[in-house]
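Here the structure of chain Z is known, so what remains is to put chains R and G in place on it, guided by the hints.
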Amino acid sequence: MVFTSHIFLFYFLPFVLLFYYLLPKGRNLFLLVVSYIFYGWEEPWFVLLMFLATLVNFICGLFISRPGATHTERHIALVSSIIASLSLLGFFKYFVFMQNNLNSLLSLFGQEAFPVFLVSLPIGISFYTFQSLSYTIDLYRGDARPVSSFTDFACYVALFPQLIAGPIVRYSTIADQLIQREHRIDAFSSGVVLFILGFSKKILLANPMGEIADPVFAAQSPTTLDAWFGVVAYAFQIYFDFSAYSDMAIGLGRMFGFEFLQNFNAPYLADSMTDFWRRWHISLSTFLRDYLYIPLGGNRKGNLRTYFNLAIVMLLGGLWHGASWVFVVWGAYHGIWLAFERWRGKESIYHSLPHCLRILLTFIVVLISWVLFRSTDLLQAGLYLKSMAGMNGSSGGSVLLSAELYNPAHLLPFMASMILSFQPVQAFELAKSLSWWKLVLVSTLFVISVLSLIVQTFNPFLYYQF
Amino acid sequence: MKNRMTRYPSACFLLAFFFISCTGKPDSGEDPEVTSRGSIEVTAELQEIPGEFIDRSDYDYAFVMKYKVLEVHRGQLADSEYIYVGHYNPQKPRDAVSDARVDDVGGRLKKFNSGDIHRMALEMPIDDHFMGGIVNRYFDEYSGPVYWAVWTNPVSR
Amino acid sequence: MQKDRVTHFTLILFFLALIFVDAASLFTMQLLQNQTPTIFDVVTQPPSQQNLRRFENDLEDSSWLVQQLRPFVQSVRFSMLNDLGKKAVRGLDGWLFYDLDVRYLTERIDKSDAAEEEVVHSILSFRRRLSERGIQLLLVPAPGKPTIYPEELTRRATGMKAPINPWTRKIISRLESEGIQCIDLFTLFTSQKNDPQASLNPTYLIQDTHWSTHGMILAASSVASRLIDLGWTSRGTTDYIQKSISMSRLGDVLKMSKVPGIESVFKPEIVKAAQILHAADRKPYADDPASDILVLGDSFLRIYERDEPGSAGFVSHLACCLKKPLASIINDGGASTLVRQELYRKPDLLKGKKVVIWEFVERDLRFGTEGWQDIPLPEDPAKL
Numbered sequence: 002m003v004f005t006s007h008i009f010l011f012y013f014l015p016f017v018l019l020f021y022y023l024l025p026k027g028r029n030l031f032l033l034v035v036s037y038i039f040y041g042w043e044e045p046w047f048v049l050l051m052f053l054a055t056l057v058n059f060i061c062g063l064f065i066s067r068p069g070a071t072h073t074e075r076h077i078a079l080v081s082s083i084i085a086s087l088s089l090l091g092f093f094k095y096f097v098f099m100q101n102n103l104n105s106l107l108s109l110f111g112q113e114a115f116p117v118f119l120v121s122l123p124i125g126i127s128f129y130t131f132q133s134l135s136y137t138i139d140l141y142r143g144d145a146r147p148v149s150s151f152t153d154f155a156c157y158v159a160l161f162p163q164l165i166a167g168p169i170v171r172y173s174t175i176a177d178q179l180i181q182r183e184h185r186i187d188a189f190s191s192g193v194v195l196f197i198l199g200f201s202k203k204i205l206l207a208n209p210m211g212e213i214a215d216p217v218f219a220a221q222s223p224t225t226l227d228a229w230f231g232v233v234a235y236a237f238q239i240y241f242d243f244s245a246y247s248d249m250a251i252g253l254g255r256m257f258g259f260e261f262l263q264n265f266n267a268p269y270l271a272d273s274m275t276d277f278w279r280r281w282h283i284s285l286s287t288f289l290r291d292y293l294y295i296p297l298g299g300n301r302k303g304n305l306r307t308y309f310n311l312a313i314v315m316l317l318g319g320l321w322h323g324a325s326w327v328f329v330v331w332g333a334y335h336g337i338w339l340a341f342e343r344w345r346g347k348e349s350i351y352h353s354l355p356h357c358l359r360i361l362l363t364f365i366v367v368l369i370s371w372v373l374f375r376s377t378d379l380l381q382a383g384l385y386l387k388s389m390a391g392m393n394g395s396s397g398g399s400v401l402l403s404a405e406l407y408n409p410a411h412l413l414p415f416m417a418s419m420i421l422s423f424q425p426v427q428a429f430e431l432a433k434s435l436s437w438w439k440l441v442l443v444s445t446l447f448v449i450s451v452l453s454l455i456v457q458t459f460n461p462f463l464y465y466q467f
Numbered sequence: 002m003k004n005r006m007t008r009y010p011s012a013c014f015l016l017a018f019f020f021i022s023c024t025g026k027p028d029s030g031e032d033p034e035v036t037s038r039g040s041i042e043v044t045a046e047l048q049e050i051p052g053e054f055i056d057r058s059d060y061d062y063a064f065v066m067k068y069k070v071l072e073v074h075r076g077q078l079a080d081s082e083y084i085y086v087g088h089y090n091p092q093k094p095r096d097a098v099s100d101a102r103v104d105d106v107g108g109r110l111k112k113f114n115s116g117d118i119h120r121m122a123l124e125m126p127i128d129d130h131f132m133g134g135i136v137n138r139y140f141d142e143y144s145g146p147v148y149w150a151v152w153t154n155p156v157s158r
Numbered sequence: 059m060q061k062d063r064v065t066h067f068t069l070i071l072f073f074l075a076l077i078f079v080d081a082a083s084l085f086t087m088q089l090l091q092n093q094t095p096t097i098f099d100v101v102t103q104p105p106s107q108q109n110l111r112r113f114e115n116d117l118e119d120s121s122w123l124v125q126q127l128r129p130f131v132q133s134v135r136f137s138m139l140n141d142l143g144k145k146a147v148r149g150l151d152g153w154l155f156y157d158l159d160v161r162y163l164t165e166r167i168d169k170s171d172a173a174e175e176e177v178v179h180s181i182l183s184f185r186r187r188l189s190e191r192g193i194q195l196l197l198v199p200a201p202g203k204p205t206i207y208p209e210e211l212t213r214r215a216t217g218m219k220a221p222i223n224p225w226t227r228k229i230i231s232r233l234e235s236e237g238i239q240c241i242d243l244f245t246l247f248t249s250q251k252n253d254p255q256a257s258l259n260p261t262y263l264i265q266d267t268h269w270s271t272h273g274m275i276l277a278a279s280s281v282a283s284r285l286i287d288l289g290w291t292s293r294g295t296t297d298y299i300q301k302s303i304s305m306s307r308l309g310d311v312l313k314m315s316k317v318p319g320i321e322s323v324f325k326p327e328i329v330k331a332a333q334i335l336h337a338a339d340r341k342p343y344a345d346d347p348a349s350d351i352l353v354l355g356d357s358f359l360r361i362y363e364r365d366e367p368g369s370a371g372f373v374s375h376l377a378c379c380l381k382k383p384l385a386s387i388i389n390d391g392g393a394s395t396l397v398r399q400e401l402y403r404k405p406d407l408l409k410g411k412k413v414v415i416w417e418f419v420e421r422d423l424r425f426g427t428e429g430w431q432d433i434p435l436p437e438d439p440a441k442l
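One line per chain: the protein sequences are Z, R and G, in this order. Going by my numbering, the letters in the first sequence line up with residues 2 to 467, in that order. Going by my numbering, the letters in the second sequence line up with residues 2 to 158, in that order. Going by my numbering, the letters in the third sequence line up with residues 59 to 442, in that order.
Looking at chain Z on its own, in the form it has when it is part of the complex:
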């Protein structure tokens, strides 16, 4: 189910809120059931898969935390949890990719290709696998207390606000809240503010930006201007889409008494790539830092190893986003930038330039990475980059793109996106207090967004595919 769909906004959410607050007890069980409904709405059978992943990690958790368990037993339980979770992720997310690559390799040597066994990708699998893994790892490290109830644990894994596209919530963040949480009126209203701001970002900014980016990325050979316009629009789309989802998730969490951590902090104001990754998808970058970079040795094993660790973490981070070479190259691109800036003492190559120019140059570096992220394959990415560089002469029908792109319904949200992307005030901050002017602002935004939703058909969340 999509947060900005008619059924979620007008049926699922009101009914879940109503019954949640009517229930005197068993609220976690209720949240678990509705989260399974929410998740199973796209493909009912995938619920079983999530349940299986939850059960395996819960049992592993029991072994890890069993009183009197030896170090070896705890280690085996942890390794089992990691193997089970990553096998699940590997099979559903990467099996087809591996088969395709194997076939390409075979054809290179003149061998006959195997028939490809197709596997559908369960939505949100990358998120819930990481979340359930964080439980067993934290337990093993002694950073979290074992959960006493399977329902509570399953509720944590499946919790619908952040289930499909994050933010990645670690077990330790909400362990206490699962047992005991406060339902305060100010927290609820702050959740409403965040939800509305996220909802408005998605409907009023991200979706129109997608209407610009999609035809340009689908074009045969866009002109240089169109190519830049398209990739900037995509940069706004992915930011407002993903940060909107995070805002809505955090807002919904607050409505049910949960507090999740901030996931975005004005990423396009970053003045270096290192700074960018402190501001973009914070829950993923901290997850990768704590569960991959530091275990790999972090920066404790010398400079060369640090650069290698940064590169490998970003490479795997890229692969986490999707089973495609474009994501691998995207991850490597970011990894190389981060390693390079680390080599320069966490400073960008353009560090000596004025702050606004550093922001602009970082944005351009990020734009190039978005070309990789958005393209269907490396060939398309290469052609698109050539178009941006004016080296891929626009031909045929692509000239006609301008009729689709440059109209008030696109230019107005484009300008608004640009202004909002390059200012520091974030929805997360705005929602901390409520005044009358904010009340009027968010109410107006909500009405406009709901009205816009009625005529919109274009409504996917980009991060659903991950």
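Keep in mind that the hints were calculated from the coordinates and are not lab data. Some clues are possibly wrong.
[Claimed, not checked] Listed below are several chain G residues computed to face chain R (Cβ distance under 7 Å; list not exhaustive):
id	residue
1	D116
2	K145
3	S306
4	M314
5	N389
6	D390
7	G391
8	G392
9	L396
10	Q399
11	R403
12	T427
[What the hints assert, rightly or not] Below, in silico cross-link-like pairs of lysine-lysine (DSSO-like), each with a Cα-Cα straight-line distance of 30 Å or less:
id	chain 1	residue 1	chain 2	residue 2
13	G	K301	G	K381
14	G	K341	G	K411
15	G	K251	G	K341
16	G	K325	G	K301
17	G	K316	R	K93
18	G	K341	G	K412
19	R	K112	R	K67
20	G	K330	G	K404
21	G	K412	G	K382
22	G	K411	G	K382
23	G	K144	R	K93
24	G	K316	G	K301
25	G	K330	G	K301
26	G	K409	R	K112
27	R	K69	G	K404
28	G	K412	G	K251
29	G	K219	Z	K387
30	G	K251	G	K144
31	G	K404	G	K382
32	R	K112	R	K93
33	R	K112	G	K316
34	R	K93	G	K313
35	G	K325	G	K144
36	G	K409	G	K381
37	G	K144	G	K316
38	R	K69	R	K93
39	G	K409	G	K382
40	G	K228	Z	K387
C-beta: ideal position from N, C-alpha, C; glycine also.
Structure of chains R and G alone, referenced to chain Z:
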């Protein structure tokens, strides 16, 4: 009992919700329109909706669905057990389906769900009554006559 | 503190009221109309992916709130943003284009081999089946409007030659290399546009996806000449006369936009059509199922023929050129597959045929309804 009811307000709410909504009366689907329109009148169970309807609001078409015949009220069918019926713009409620091009179709049915029972006034063959796109996904497996749904009412048991 | 609580409560109440209003209004209205509320469909149907999607669409379609507000929102978007919705692309000087026509030209066709094979195989197979019965096939791919009038879509295209989709070119040349006869309306319409004498009379309607009467008559004449040149048919002896009719027509692109009151902003086009009448009795042209020529096609054949004023479209004008009545199957939006399925259901229509003319719009090569299936011909009535 009273205590229990106040302790479980959501249960009471749910019960009330279901009770209010289950007040529909049995309906044979009969009305003056279905009994007078078309040359054939049947009550049939919708066996299958073959795939998604065409997702193009600018395209007017008929969509063929498979029915199991339960009762023939008027006229004669070519096949007595299963019939294939084309419905005009099936994504629309029947009372809102007629337009400038096809002005003689209608009914009380709001939406098509497989397993539902419909009372229909039909014509045959469809091509004599509808000159537009006919999406027939049974084309490969069935070559018999396709009926044209003139009037479609829901039947509730 | 008290003031804070009031603000919090106000916001929460407003939010809850807005998210509850839709379900509450639909539920109440359906109960008042003695209908089972749509919401209960979720428990009466098995929870398959298909049923859940349909349930979701049903809820939205039956929403009273959505139905009431959608026209209002469309009007506001049109008046504030000039937005005609997703189906329409605004060109210059009042020209309107259909989104699918534009997308067909602008979009890259990825990994098109399978799709290309499907189209080519389907057409070749149809030709083979026809020739087994001694029937010739003539293809008439109708160009999309932006292919012929790109400069009316955007100033950037001023002076550019017809931006024919390379995929269209590739498929047509593959078919021609297989010996299939195709009418090249791309060149005909483009040269017509570039002719200073004729350029004041566009070959397409300004607010519509279809050809103008002028373009349609050009196409019909071109097809008639080719048939005669190929020797596939000869002119008949039926005399027709033409009756001039002037009518106003609101383009289909505007109708697709569904913006309320759009006709008050865009004045309908004045279209001058020539209705074909039998010279003998002055009755409008009518098909003859026994003709030796069968015409298959989509709404390009429907316009003026079955729409207003009637008997003034492609089929009538082709009949007039050939001086004999024709048989036709017109299947709106279904020229890729549905029209041949309809032919399959009408075996008698193939009786005595020597030529089948198959018109389809260019964009259908990619977006044709139900794709390009291989459809058999009906049993030969002579063999039954």
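Status of the hints after comparison with the structure:
{"no.": "1", "hint": "D116", "verdict": "holds, 5 Å"}
{"no.": "2", "hint": "K145", "verdict": "holds, 6 Å"}
{"no.": "3", "hint": "S306", "verdict": "violated, 15 Å"}
{"no.": "4", "hint": "M314", "verdict": "holds, 4 Å"}
{"no.": "5", "hint": "N389", "verdict": "holds, 6 Å"}
{"no.": "6", "hint": "D390", "verdict": "holds, 5 Å"}
{"no.": "7", "hint": "G391", "verdict": "holds, 5 Å"}
{"no.": "8", "hint": "G392", "verdict": "holds, 4 Å"}
{"no.": "9", "hint": "L396", "verdict": "holds, 5 Å"}
{"no.": "10", "hint": "Q399", "verdict": "holds, 5 Å"}
{"no.": "11", "hint": "R403", "verdict": "holds, 6 Å"}
{"no.": "12", "hint": "T427", "verdict": "holds, 6 Å"}
{"no.": "13", "hint": "K301(G) / K381(G)", "verdict": "holds, 16 Å"}
{"no.": "14", "hint": "K341(G) / K411(G)", "verdict": "holds, 25 Å"}
{"no.": "15", "hint": "K251(G) / K341(G)", "verdict": "violated, 34 Å"}
{"no.": "16", "hint": "K325(G) / K301(G)", "verdict": "holds, 25 Å"}
{"no.": "17", "hint": "K316(G) / K93(R)", "verdict": "holds, 16 Å"}
{"no.": "18", "hint": "K341(G) / K412(G)", "verdict": "holds, 27 Å"}
{"no.": "19", "hint": "K112(R) / K67(R)", "verdict": "holds, 15 Å"}
{"no.": "20", "hint": "K330(G) / K404(G)", "verdict": "violated, 34 Å"}
{"no.": "21", "hint": "K412(G) / K382(G)", "verdict": "holds, 14 Å"}
{"no.": "22", "hint": "K411(G) / K382(G)", "verdict": "holds, 13 Å"}
{"no.": "23", "hint": "K144(G) / K93(R)", "verdict": "holds, 20 Å"}
{"no.": "24", "hint": "K316(G) / K301(G)", "verdict": "violated, 33 Å"}
{"no.": "25", "hint": "K330(G) / K301(G)", "verdict": "holds, 10 Å"}
{"no.": "26", "hint": "K409(G) / K112(R)", "verdict": "violated, 41 Å"}
{"no.": "27", "hint": "K69(R) / K404(G)", "verdict": "holds, 25 Å"}
{"no.": "28", "hint": "K412(G) / K251(G)", "verdict": "violated, 33 Å"}
{"no.": "29", "hint": "K219(G) / K387(Z)", "verdict": "holds, 24 Å"}
{"no.": "30", "hint": "K251(G) / K144(G)", "verdict": "holds, 28 Å"}
{"no.": "31", "hint": "K404(G) / K382(G)", "verdict": "holds, 21 Å"}
{"no.": "32", "hint": "K112(R) / K93(R)", "verdict": "holds, 7 Å"}
{"no.": "33", "hint": "K112(R) / K316(G)", "verdict": "holds, 22 Å"}
{"no.": "34", "hint": "K93(R) / K313(G)", "verdict": "holds, 17 Å"}
{"no.": "35", "hint": "K325(G) / K144(G)", "verdict": "holds, 21 Å"}
{"no.": "36", "hint": "K409(G) / K381(G)", "verdict": "holds, 20 Å"}
{"no.": "37", "hint": "K144(G) / K316(G)", "verdict": "holds, 10 Å"}
{"no.": "38", "hint": "K69(R) / K93(R)", "verdict": "holds, 22 Å"}
{"no.": "39", "hint": "K409(G) / K382(G)", "verdict": "holds, 17 Å"}
{"no.": "40", "hint": "K228(G) / K387(Z)", "verdict": "holds, 25 Å"}
When held up to the earlier numbered hints, the structure conflicts with 3, 15, 20, 24, 26, 28 and fits the remainder.
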